[in-house]
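A.B. asks: Residue numbers (numbering that gives the first Met the number 0), protein chains in the order written: chain A, 0 to 291; chain B, 0 to 357.
Treat the hints with caution; some may be incorrect.
What the hints assert, rightly or not - Derived list of chain A stretches under chain B, where covered just means 3 residues or more per stretch with a C-beta under 8 angstroms from a C-beta of chain B:
no.	segment
1	172 to 184
2	194 to 207
Said to hold, decoys possible - Computed beta-carbon distance windows for the label pairs:
no.	chain 1	residue 1	chain 2	residue 2	range
3	A	Val15	B	Ser43	25 to 33 angstroms
4	B	Ser75	A	His133	53 to 61 angstroms
5	A	Arg125	B	Ser75	54 to 62 angstroms
6	A	Asn32	B	Ala140	26 to 34 angstroms
7	A	Pro180	B	Gln276	50 to 58 angstroms
Stated by the list, open to error - Computed cross-link-like contacts, SDA-like style, restricted to lysine to any residue with a CA-CA straight-line distance of at most 25 angstroms:
no.	chain 1	residue 1	chain 2	residue 2
8	A	Lys93	B	Pro14
9	A	Lys93	B	Arg59
10	A	Lys205	B	Val169
11	A	Lys205	B	Ala78
12	B	Lys175	A	Pro180
13	A	Lys205	B	Glu143
14	A	Lys205	B	Arg135
15	A	Lys205	B	Leu139
16	B	Lys273	B	Leu252
17	B	Lys6	B	Ile19
18	A	Lys205	B	Met95
19	A	Lys93	B	Asp74
20	A	Lys205	B	Phe88
21	A	Lys205	B	Gly138
22	A	Lys205	B	Thr96
23	A	Lys93	B	Phe88
24	A	Lys93	B	Ala9
25	A	Lys205	B	Ala140
26	A	Lys93	B	Tyr12
27	A	Lys205	B	Arg133
28	A	Lys93	B	Lys181
29	A	Lys205	B	Asp93
30	A	Lys93	B	Asp93
31	A	Lys93	B	Leu252
32	A	Lys93	B	Leu58
33	A	Lys93	B	Pro15
34	B	Lys175	A	Ala182
35	B	Lys181	A	Pro146
36	A	Lys93	B	Lys273
37	B	Lys187	B	Gln32
38	A	Lys93	B	Leu13
39	A	Lys205	B	Ser217
40	A	Lys205	A	Pro146
Calculated directly from the structure, the hints in this document are not laboratory data.
Note that CB positions come from ideal geometry on N, CA and C, so glycine has one too.
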Amino acid sequence: MEKWQNQCAWFLVMPVVLLVAFNALIPLMTVVNYSVQDIFDSTHRLFVGTEWYRETLLNTRLQNALLRQLVFSGLVLLIELPLGVAIALTMPRKGGWAISATLVMIALPLLIPWNVIGTIWVIFLRPDVGLLGHFIDHTLGIHFDYPTVPIQAWISVMMMEVWHWTPLVILLAYAGLRSIPDAYYQAASIDTASPWAVFWYIQLPKMRGVLMIAVLLRFMDSFLIYTEPFVLTGGGPGDATTFLSIYLVKLAVGEFDVGKAAAFSIIYFLIVLVFSYVFYQVLLRAQRGEVR
Amino acid sequence: MALIEFKNVAHSYLPPPTRIEDYALRPMNLVWQHGGAYALLGPSGSGKTTLLNIISGLLRPSAGRVLFDGRDVTDSSTAQRNIAQVFQFPVIYDTMTVFDNLAFPLRNRGIAAVEVRSRVSEVAEMLELTDDLRRRASGLAADEKQKVSLGRGLVRSDVSAILFDEPLTVVDPDLKWRLRRKLKEIHKRYSVTLIYVTHDQGEALTFADRVVVMDEGSVLQEGTPQELFETPTHRFVGYFIGSPGMNFLPCRLSPDGAEVAGQFVPLAAGLRTKAAQATGLEIGIRPEAIGLSGSGSGLAVEIGDVAHLGTRKIATCRIGEHEIKVVVPPEQPIPSERGVLEFNPAMTRLYSDGRLVG
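When you get a sec, could you build the whole thing from the sequences and use the hints?
C.D. replies: And the structure:
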């Protein structure tokens with residue numbers, strides 16, 4: 000067969016190229032542009048190369064924010080995944096309207112706008128009028144003042160995050176559990192497997208696919224978290240709950256240090272990309288290992 | 000090993016069954032001899048799987064009692080009954096090796112490691128899985144996975160029975176007969192009771208010593224493959240077993256035998272007296288028990304389509320408005336248009352309202 004010399008087909012991908020360009024490439028390139036220049040006003044600018052990057056990476060406040068962020072995302076995964084799976088396991092595998100109603104109730108926190116979540120918890124945790132705050136402060140007798148005590152601020156942010164996002168893990172895990180055919184449970188009962196063995200050898204391996212999605216989603220989302228802690232603690236007390244995105248916004252909007260903030264954004268983006276890629280590869284490899 | 004008995008067992012998935020149609024399994028008494036190879040045969044929705052799950056204890060019957068060796072096990076769990084079951088789709092523990100899969104039921108019962116190893120290697124040898132013992136079970140092909148699920152039943156030396164729920168559905172046709180032969184071999188070697196659910200009559204008739212035919216929640220007939228073939232007690236059985244199924248022709252009794260569309264068919268001695276009071280009479284005859292020739296005495300018919308199947312030919316004949324299928328040896332010529340059918344009186348059955356008269 001003879002090949003024609005015709006490059007018209009390239010025009011067919013133009014809409015997608017344009018869309019992606021306006022959607023992702025151009026904004027990203029703007030940031031790249033800022034990150035390599037020192038801009039004074041619209042006419043005065045100076046190419047500085049990698050200076051912002053170097054400065055950003057050596058900035059101890061940023062390093063601390065990154066460390067805080069990693070601890071936060073690690074805790075999120077460690078708490079939300081086991082908790083979500085545990086709750087999904089307690090739900091009956093079959094059932095009528097009661098199951099549907101329960102699922103809707105569980106999913107409610109996922110439907111609330113994020114700044115509202117923050118506001119709900121601000122009120123919920125107030126020692127004077129908030130239910131939980133009052134309970135801790137008056138009933139338990141523990142002095143509760145999360146805006147000034149760092150550890151209390153951390154616990155408050157964690158509680159809010161767990162309350163907000165564990166439902167997603169529950170829904171995913173429950174969907175995974177529902178898809179296991181009855182025959183597996185029947186075979187396990189014939190083999191006199193203990194409930195623990197059923198969990199370890201049947202339920203967990205069969206849930207692996209959905210749990211992989213849960214790990215990726217929860218890691219990425221928690222790594223990018225901004226709104227809820229910003230509303231609840233504003234990053235304080237001090238820098239105690241200043242996560243990466245909160246620090247980034249402080250830098251870009253508060254100090255108007257656009258060059259530094261742009262370099263920071265690029266680094267931030269690369270960190271998320273690399274972590275997600277590594278997670279994905281590790282989980283994928285674990286799965287392939289099984290097949291072999 | 001156990002003698003399994005059903006006493007008035009019935010099951011309904013609807014909470015309060017009010018009509019007989021509500022029962023997935025209608026009240027029945029059945030005995031499964033120990034060491035027998037049984038096939039449960041019937042179309043989809045006939046209650047085969049329900050029956051099987053009642054034997055294994057996965058389902059508690061809504062009425063009646065299940066006895067193992069005279070002991071009432073109606074409320075006992077599958078583990079207590081010591082039953083093994085192989086499901087339609089292979090159930091294996093994905094994360095375990097083949098060895099661990101086979102050892103799992105033994106380890107759960109607290110059997111010593113040495114004993115576990117010897118049992119597993121014996122069963123693996125039998126099932127030709129020895130080379131795969133170190134492999135992850137999830138990497139096996141469907142038929143090998145099914146062998147692993149079967150193996151988990153066989154490693155327990157004391158199982159009462161092994162139940163199969165259409166186990167070859169996911170297996171390639173050319174592997175099916177190998178697995179079936181393996182099952183026969185296992186049956187001979189361990190003389191364990193095997194109960195095999197299928198909707199494929201070929202599978203049922205080659206596998207089983209005794210076949211139980213079910214339809215609409217009741218057992219229509221239980222017998223050897225030959226009995227089912229020669230004397231189906233029910234119109235459904237005659238039609239369901241055999242390919243093509245039994246021919247049924249409405250008839251009336253006459254002094255010479257039976258009258259079909261104005262012509263006479265001879266009947267075996269005594270059959271006429273038995274059927275004297277019966278209503279809704281039909282002659283039932285296997286296509287294999289009919290002789291077809293160009294002339295002579297017998298039923299004059301028109302000959303329609305002839306299907307050539309290599310080892311035999313199937314001629315579709317018409318008498319009045321009724322159709323009769325006849326199996327003819329491949330070398331025998333078939334007359335065109337008109338021919339004469341001769342029914343073997345010893346193989347000619349009479350049915351009254353769908354049930355065998357004699």
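A.B. asks: For the pair supplied as a hint, Lys205/A and Arg133/B, confirm whether the alpha-carbon distance does not exceed 25 angstroms.
C.D. replies: OK: Lys205/A and Arg133/B at ~21 angstroms, within 25 angstroms.
A.B. asks: What's the verdict on Lys205/A and Ser217/B, does the C-alpha distance respect the 25 angstroms limit or exceed it?
C.D. replies: Violated, because 37 angstroms separates the two Cα atoms, which is more than 25 angstroms.
A.B. asks: Checking one constraint from the list: CA of Lys93/A to CA of Asp74/B, max 25 angstroms. Satisfied?
C.D. replies: holds (22 angstroms)
A.B. asks: Need the status of pair Lys6/B, Ile19/B: alpha-carbon distance at most 25 angstroms?
C.D. replies: holds (18 angstroms)
A.B. asks: Check whether the Cα positions of Lys205/A and Leu139/B lie no farther apart than 25 angstroms.
C.D. replies: holds (17 angstroms)
A.B. asks: For the segment 172 to 184 of chain A, does the count of residues with a C-beta closer than 8 angstroms to a C-beta of chain B reach 3?
C.D. replies: holds (count 3)
A.B. asks: Are the Cα atoms of Lys93/A and Arg59/B separated by 25 angstroms or less?
C.D. replies: Answer holds: Lys93/A to Arg59/B is near 18 angstroms, not above 25 angstroms.
A.B. asks: When you take the CB atoms of Ser75/B and His133/A, is the distance between them in 53 to 61 angstroms?
C.D. replies: Since the Cβ atoms of Ser75/B and His133/A sit about 54 angstroms apart, the hinted range of 53 to 61 angstroms holds.
A.B. asks: Does Pro14/B lie within 25 angstroms of Lys93/A when you go C-alpha to C-alpha?
C.D. replies: holds (16 angstroms)
A.B. asks: Taking 50 to 58 angstroms as the stated bounds, is the beta-carbon spacing between Pro180/A and Gln276/B within them?
C.D. replies: Holds, at about 52 angstroms.
A.B. asks: Does Lys93/A pair with Leu252/B here, judged by a C-alpha cut-off of 25 angstroms?
C.D. replies: Between Lys93/A and Leu252/B the Cα gap is close to 58 angstroms, so the pair fails against 25 angstroms, i.e. violated.
A.B. asks: Holds or violated: are the alpha carbons of Lys93/A and Lys273/B at most 25 angstroms from each other?
C.D. replies: Since the Cα atoms of Lys93/A and Lys273/B sit roughly 54 angstroms apart, the hinted pair is violated (cutoff 25 angstroms).
Consistency note: the structure conflicts with the earlier hints numbered 3, 6, 28, 31, 35, 36, 39, 40.
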